[in-house]
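A.B. asks: So the chains spell out like this:
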Amino acid sequence: MAIVLDLFVQIAQMVLVLALAPLFTGFVRKTKAHLLRRQGPPLLQPYREVLRLLRKDVVLADSASWVFRVAPYLVFATTWVAAALVPTFATGLVFSYAADVIALVALLGSARFMLALAGLDVGTSFGGIGSSREMLIASLAEPAMLMVVFTLSLLAGSTQLSSIAEFMQASDVGLRFSLALALIGLIMVAIAENARIPIDNPATHLELTMVHEAMILEYSGRHLALIEAAAFLKLLLYVSVIACVFFPWGIAVSGQGPVAYVAGAGVYLLKLAAGGLLLAAFETAIAKMRVFRVPDFLGAALMLGFLATLLLFVTMAR
Amino acid sequence: MALTGLLWCVGALLAVSVAAIPAARLRSASTLVYGATLSVSALALAIAIACLLAGGPLLGALTLPVGLPWLGAHFRVDALAAFFLIVVNLGAAGASLYGIGYGRHEEAPGRVLPFFAAFLAAMNLVVLADDAFTFLFTWELMSLASWALVMAHHRRAGNAAAGYLYLIMASFGTLALLLAFGLLAGPAGGYAFEAIRAAPPAAGVAAAVLALALIGAGSKAGLVPLHVWLPLAHPAAPSHVSALMSGVMTKVAVYGVVRIVFDLLGVPTWWAGALVALLGGVTAVMGVLHALMEHDLKRLLAYHTVENIGIIFIGLGLALAFGANGMRPAAALALTAALFHVFNHSVFKSLLFFGSGAVLTSTGLRDMEQLGGLIHRMPLTAFAFLVGSAAISALPPFNGFVSEWLTFQAILVSPALPQWLLKFLVPAIGALLALSAALAAACFVKAFGVTFLGRPRSDAARSAREVDRWSVATMFVLAAVCLVAGVLPGYFIDALAPVTRSLAGARMPPQGALDWLTIVPVAQSRSSYNGLLLFLIIAFAAGLGAEAIHRWASGALRRSAAWDCGFPDASPATQYTAGSFSQPIRRVFGSVVFRAREEVHIPPPGDLRPAEMHVRLRDVLWDVFYAPIAGVVGYVADRFNKVQFLSIRAYLTLVFGALVALLMVLAVWQ
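Keeping their order, the protein sequence lines are chains A and B. Each step along the first sequence adds one to the number in the working numbering, with nothing skipped, and position 236 is 236. Each step along the second sequence adds one to the number in the working numbering, with nothing skipped, and position 56 is 56.
Keep in mind the hints are simulated off the structure, nothing from the lab. Note that beta-carbon positions come from the ideal geometry of N, C-alpha and C, so glycine has one too. Take the hints with a grain of salt, since some may be wrong.
Sample of chain B residues facing chain A (criterion: CB under 8 Å; computed from the structure) [to be verified]:
(1) P396
(2) F401
(3) S527
(4) S571
(5) F581
(6) F656
In isolation and in its complexed conformation, chain A is listed as follows (with noise of 0.2 Å):
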């Protein structure tokens, strides 16, 4: 019977972060317009752009392959398990034993490849330009990642996602300077993987400097539907990730009833709101940055991710 209810849990939670993550991208993009004064879009729109792209016809350039029609579902599959497999309402999902943390990092790794690989298929500048950067950004968040992983697997003795929230909901943690450092370099990290300001703009892609963006210019209809999709989808996994492990409360845990589920996804949605307001303000309040300082902002996130570890390393005696 166990079995069956985390299946549906699964279940429910691939149905959910597929649902939530556009009407989450929305809520962003219209707190951030109430910001600057302006109406700024409706909540559904980002709904309406993946529909509307839909329906559109695909414009394939001549010189592309393969790959290039592959990329899209491949990047939308991946990531969409990935965002499936972090506890949003609640753990003992009946997947997560099939991959921890580390193999979200890579199944994130392996997205990044295929649309990487795309934008350099059309053989065009500003497709090359994108991937080059990408792959320069991945190259030090990547390691800042599995270095805040680390904190939180060896204080929670375990790399499954859903046990690092059952630990962090239980047991008596309390504040400690690894978790803080952990917490800065994680949402650093959301930050750049995500293509947020002051990485990169998420509005444009007109500027000299954008990267994923870029990276993905050749697509359109459907294939860059998928894409869109996906990206919505990493926003809010990086999102559920921060909630489920730094601010694990109201996480129905494995077994508790109907309404401890219901309860849970009320709480997830609160904490999505909250995410979105502070990521809103956040990207009002900065300005974007030189493409060479990224390294210098991402390396001080694995440099604080490191610190993490070794302050554990040091500390822990089992």
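Fit chain B to the known structure of chain A by using the hints.
C.D. replies: Same frame as chain A, but now just chain B:
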């Protein structure tokens, strides 16, 4: 007994090697020789797999009355040897199968075929050897055979210099190993491994042996700073031999380290683990940074071998550190990670070298800046190369990810190590490993993207043709192995159990019987990974997305010119190149590691000269370690040069002086 069969296989390979000398003139010589080596390696592979899986009765030792008269030649197959025989013979079978097609393009088969078979035989013998003399003799045979293969095309630019450097480094490495075995054997001179195992050396001697073994076998494996010959020599050989050297011979070197450090030295010390793991971490990052700066496809792959050797040594170092502290399950985990990576790397590195060989055959080019767009002309090679790239970049669900994941798990159990130095060092090594994994992905986006994607940058790339079916078949078999080892890692981990039990005194928990073929290195609550399930879920999610889109979305597709933000340029020269792709990373890391300098000359307006950009990279390690030695040798040689042109009187004086000096020495001695 299995050992007899393996020795017969080696004998057959040596016979093929001798027979290939006269046969090389025949038109079908390469097909015959590679066919023969393929069947022999496949047989040896089957025997080795049986030895590893069945264990017990198939393992054994044997002494042949050859070699030193008072010693004989000892051979032995144990679990460790059986595992490395699998790696050697899988690589050998792959290279032979590939060679059947690739070898037809060889202009001088007489320079390749005899040495190829001898090289295979020598690598098998190194793993089978059970005394110091046989080990060193076959090690040197392996070096010489591969040197001859590096020099097969000795007239091509750079190859002779590469061969010269290789010869120096190989002799230097063998000298270090010779001294190591001399120390191990002790004054009584028990050169059989049995005797060495019975009398493990004292702590001081053990430290010296460890250093010598790391220098001797590490230089063959490509451990930084002894790696300098590797990226020159490996690419100079024909591509299937490059695959063997990079994928297999470096693993034989790893075998040498494991045999000496884990087996012969007895109980490990924790600082040995620290040293090995630190060397591994530095090697991994240096290797991948060098690879990123490289535009020659084969040399890029060779540098990447250096990176993967680093990852293997991180695992070995952790295993030593755990073993020294009596943490046997953790040592087994780290050792399994290292050995699994040995297997994985031999598979995907061979695959990638075969791919680069296919590119070389069909375009004649190794320089990535001249390639591009090959996916349209060589779709099968491109697909196999893509699988290899994903595997080596440690992306799930392929095999490279599993072994790196296991290494990370080993790092995560290491806070329990009591030594303070290790507490500081291991997180740093974890960071280096994470950094090298991320940089490897960037490197292979570049390698695959610039070579196979985009638009062709030269006529040769534009008119490329798919290679023969033997080569394609080989690449696909290896790509399939990459996937199978990635989704069913439990069976591979279980197969390594006898090896870790004999070397680390424990094994990882049995994996094959777990539900859904999940792998659980320590405990279910701690960490688990299921490549098969992950692969199936991703396939399911992708299928679901594709199905939904094809049912509800527009299926229309229109071909047109590239959009490129409204500035399409017809010339393929406007694409990103390998150099421009790695430029940001060069700016971030290169200024420190390579002392990279960029010089840009832009002529003033109205001047018709082209703008120029020069990038200067310097290998700091070469400047620090090798340039002074080369300088001293050159200086001394110059001074001695004068002695060559003396008069007869001066020579007679010299001889007289030398005689007097020697007599004095003798007189003082007594």
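A.B. asks: Which of the numbered hints above does this structure break?
C.D. replies: 4, 6
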